[in-house]
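Enquirer: In order, the protein sequence lines correspond to chains R, V and H. At position 110 of the first sequence the residue is numbered 104 (this note's numbering), and the sequence of numbers has no breaks. At position 112 of the second sequence the residue is numbered 106 (this note's numbering), and the sequence of numbers has no breaks. At position 3 of the third sequence the residue is numbered -3 (this note's numbering), and the sequence of numbers has no breaks.
Please keep in mind that the hints were generated in silico from the structure rather than gathered at the bench. Possibly wrong hints are sitting among the right ones.
A pair holds if it fits inside one copy or across any two, identical chains being indistinguishable in the list.
As the list claims (entries may be wrong) - Derived pair list, reagent style DMTMM-like, types lysine to aspartate or glutamate, alpha-carbon separation capped at 20 angstroms:
no.	residue 1	residue 2
1	102	48
2	69	50
3	69	51
4	102	0
5	69	48
6	69	20
7	102	20
8	102	131
9	21	0
Each chain is listed here by its residues.
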Amino acid sequence: MRFHTEYLTFRTPTHRQYVNITPDVEKALHKSGVQEGMILVSAMHITAGVWVNDAEDGLLADIDQWLENLAPFRKDYQHHRTGETNGDSHLKALLVHHQVIVPVTAGKLDFGPWQQVYYAEFDGQRSKRVIIKVMGE
Amino acid sequence: MRFHTEYLTFRTPTHRQYVNITPDVEKALHKSGVQEGMILVSAMHITAGVWVNDAEDGLLADIDQWLENLAPFRKDYQHHRTGETNGDSHLKALLVHHQVIVPVTAGKLDFGPWQQVYYAEFDGQRSKRVIIKVMGE
Amino acid sequence: MRFHTEYLTFRTPTHRQYVNITPDVEKALHKSGVQEGMILVSAMHITAGVWVNDAEDGLLADIDQWLENLAPFRKDYQHHRTGETNGDSHLKALLVHHQVIVPVTAGKLDFGPWQQVYYAEFDGQRSKRVIIKVMGE
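Chain R extracted, bound-state conformation:
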């Protein structure tokens, strides 16, 4: 069984940002030489998510507004007693989940027509990491 592990590093210019990392996942797959298996793509921080959805700017704006509505910035989160101000970032990350598994078949991401892997930054402007781990044969 083959394993290939890579780490992506982000330092987004804005507090919240959505980055299409599908090309990075594909590159990791090609380096691994895996033909059958899967790829774990997982945020290594607790204020960031990873999802699979459409690469469409209008939708990304909708998602951003929807998340702010369901998990809004507020001053009075109890988490802020630690000195942090990012309680909403944790909640947004929980809501969208922090990881996906991408299936690999015949040496390719086994995706439907519109599926793209996104890194969702909810507390940016600092260094954050994502692990890409390819496993298979």
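Following the hints, position chains V and H against chain R.
Expert: Then chains V and H, alone, in the frame of chain R:
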């Protein structure tokens, strides 16, 4: 290591629909011959989800109403500038996640007493696919 | 390929409770001898979740309140026609997802600085289980 990949195709009669696909997952497992490992069950479209929960019609009605409440149909999603009308379907799919991993132990789905795998269609009446990938030994 | 499977059992004293199970996941990894691979940590019940986030009591209180806000206890869920009263527990579990995959690199949980695995009980005071399945080499 063994790999066995199948694709389910759906064309649901209604716009939103919830389909118990546990028997399909079990069939794929038996075909694979895997005794130890896992099964990835993952929607291949960006307006559909996969979850593990109870096979109880009242609960499914509750989930449907709850999702419509948290991620409602609206005309004014920015995504609709593309000509689409399914912005809410994307948000509902993000909320429930689009995939699960089913553990396999001693040749069986290693589930608790009430766990069932569901395909959640949020934009039906068209052809959609799910990948089932069994991996193990 | 190595497989190592363990089951944790919970009977929480309160209806909702959040338990840091990172030490249990680490113990299972060490028993397995796996150096490269992954660990599936998955609730075996449909009213419980598993997430990766911060071990900070203020945040846990925020999450609890947020989940009660988005998926509140209500008497009139249709699921309650079965005699159950835990409709909200199912919705909370769906929202946070019931499982995570922990990457393993060089014999260790390949986590970022603040990541911890939590069991989220939404319908406690009864016996519940989580499966930990280590897979790799």
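Enquirer: Could you tell me which of the numbered hints above are not met by this structure, giving the numbers in increasing order?
Expert: 6
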